[in-house]
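Put chain S on the given structure of chain F with help from the hints.
Number of protein chains: 2
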Amino acid sequence: MTAMPNRVKIVEVGPRDGLQNEKVLVPADTKVELIRRLAAAGLRSIEATSFVSPKWVPQMGDNAEVLGRVLAGSASGVDYPVLTPNLKGFEAALAAGAREVAVFGAASESFSQKNINCSIAESLARFRPVTEAAQAAGVRVRGYVSCVVGCPYEGEIDPVKVAEVAETLISMGCYEVSLGDTIGSGNPTSVQRMLEAVMKRVAVARLAGHYHDTYGMAVANIHASLQMGVAVFDASIGGLGGCPYAAGASGNVATEDVVWLLHGMGIETGVDLDGLVDIAAWISAQLGREPASRVARAVLAKRAKAVLNE
Amino acid sequence: MTAMPNRVKIVEVGPRDGLQNEKVLVPADTKVELIRRLAAAGLRSIEATSFVSPKWVPQMGDNAEVLGRVLAGSASGVDYPVLTPNLKGFEAALAAGAREVAVFGAASESFSQKNINCSIAESLARFRPVTEAAQAAGVRVRGYVSCVVGCPYEGEIDPVKVAEVAETLISMGCYEVSLGDTIGSGNPTSVQRMLEAVMKRVAVARLAGHYHDTYGMAVANIHASLQMGVAVFDASIGGLGGCPYAAGASGNVATEDVVWLLHGMGIETGVDLDGLVDIAAWISAQLGREPASRVARAVLAKRAKAVLNE
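Protein chains in written order, with my numbering: chain F, 1 to 310; chain S, 1 to 310.
The following block holds chain F by itself, in its conformation from the complex (with noise of 0.2 Å):
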């Protein structure tokens, strides 16, 4: 085991990955507000939207919008990756300023027929013209490999299949790839496993964790993801995409969650927790719900106790 990292980098996640996944269609202005206070609470690189067909994604029809006005109001020091998934999506990222894009292949063959309906050796050859294109504009890209533990369609996935994918990517000129279990069904051992075959091919600094709580096993594959070296990972804000109020929720971990797990175990993040919690609130009070994260219920909680004993 490789030592663990004395510092994290959190990529969040939740207004892409997250609003994308919600049922309740959020405003611009809201979107635009989420993504500032979230690099308000210290947040360097937040996923700003996705810039696929509104047919297929409703919920991301504003990405030009959304993108323009963050970077216009931008921090200085934050990255606002975007999804593009084809050249075309790309040329409509760079035109609306984005300078860090992502692409995303699946481990699982079936699963990836099923969701873009195409092998994942043809989903890499559509993704070679978006890196290079990319490369030419000074663009960074980021990939995304899914399905690294389990499928819905295969069940569990070989290990040596995702190190496969997540070479191609990092030989295709991503600088990081973020490793998806997308259902949820990983747990400390087989994450553990995953990420052994993954760093014969790949080298540590450049893997991120991508963890569903589906289950409940996200804070713990953190933590074994942690133990093996891994020192960046994604999340979503409030848990956005996964309600556990909802039945089949598939839950993307909660910021706050990752954030007091690592604050508690001495690692930086540049973080702040409490107001992490405060835009969790925020948001899920947009989406007409409580928050989904027992951190955010817990400090909320803590808090009105607090104010009632005054």
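These are calculated hints, taken from the structure and not from any lab test.
Please note: incorrect hints may appear among the correct ones.
Remember, identical chains collapse to one label, so a pair may be satisfied in a single copy or spanning two.
[What the hints assert, rightly or not] Here are the computed lysine-lysine pairs in the DSS-like style, where the Cα-Cα straight-line distance is at most 30 Å:
hint	residue 1	residue 2
1	K161	K302
2	K305	K55
3	K302	K114
4	K114	K55
5	K88	K161
6	K302	K55
7	K9	K302
8	K305	K200
9	K9	K305
10	K305	K114
11	K305	K161
12	K9	K55
13	K23	K9
Since this is a predicted model, take the numbers as computed values, not measurements.
Frame of chain F, contents of chain S only:
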């Protein structure tokens, strides 16, 4: 680090620790049925009730009836420990047929004072006649230590204090000591640090982890404890005792979340996960709400979807 256990024992605390902290008063019939179902799902140690004054804990006022009925219909090979704070409680438990009792101390002086109105030393002295009477009657005694990581009044607790209390309980005749993170403030680092100190005085085979999920850290803390060789964990079906919907939920970790983690890691428990989910759904319905655990919610949602797709 010790090798991870390949088999873990779950001590189910839902019927006592869980229901005691629920606002809804559950009838004896339901308690007896809950315990029967838990035994049928494979649990081999089920904390049945508490022999405390009904003035203090009205939820457990039916203790003699519940224990008597449980023992009358008991499956063989199942232990039904009951909480006994003092000799009077022990004698009532013995009269009701108890073959195993539990005593509880705190690792925090302030918590001991505020919770049971005496010092740690006084509380331990009070248990001595209980453990002596138990030994004379051939009754097993389990010990609990609360606030092993943090205390609501004192903040962080010195692991050496936890080790002292745990060692005293063992020396008084407890066959096992359950280490309770009462306020859920522990994380994998602080839990491992605490265990390290305790394991200098007490063999790991005599230790159990009792973690609360207040801040969503319980599963990670169990993973961290497994890495230290701990092979017994307390858990509460459906997360009874800490509803995540309620403000200030204190939250025992849910049995089904623990079993999901362990089975995923290839660790045997002898417990039927699907059976646990059924029980979590059933007892939550008795309390008029949804199950608190992510595993129960996710598995139930998946089942509902499978029915829809048939």
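Verification of the supplied hints:
1. K161 to K302: For K161 and K302, the Cα distance is within 30 Å only across copies (26 Å; inside one copy 45 Å).
2. K305 to K55: Between copies only: 25 Å across, 46 Å inside.
3. K302 to K114: Answer is between; shortest inter-copy Cα gap is 19 Å, intra-copy 44 Å.
4. K114 to K55: within (17 Å within a copy, 60 Å between copies)
5. K88 to K161: Classified as within; 28 Å inside a copy, 63 Å across copies.
6. K302 to K55: between (43 Å within a copy, 27 Å between copies)
7. K9 to K302: within (27 Å within a copy, 33 Å between copies)
8. K305 to K200: Classified as neither: same-chain Cα gap 50 Å, cross-chain 38 Å, threshold 30 Å.
9. K9 to K305: neither (32 Å within a copy, 36 Å between copies)
10. K305 to K114: between (48 Å within a copy, 18 Å between copies)
11. K305 to K161: Result: close only across copies, 29 Å inter versus 50 Å intra.
12. K9 to K55: So K9 and K55 fail the 30 Å test inside a copy (33 Å) and across (51 Å) alike.
13. K23 to K9: The answer is within: 29 Å in one copy meets 30 Å, while 41 Å across copies does not.
Consistency with the previously given hints fails for numbers 8, 9 and 12, ordered from lowest to highest.
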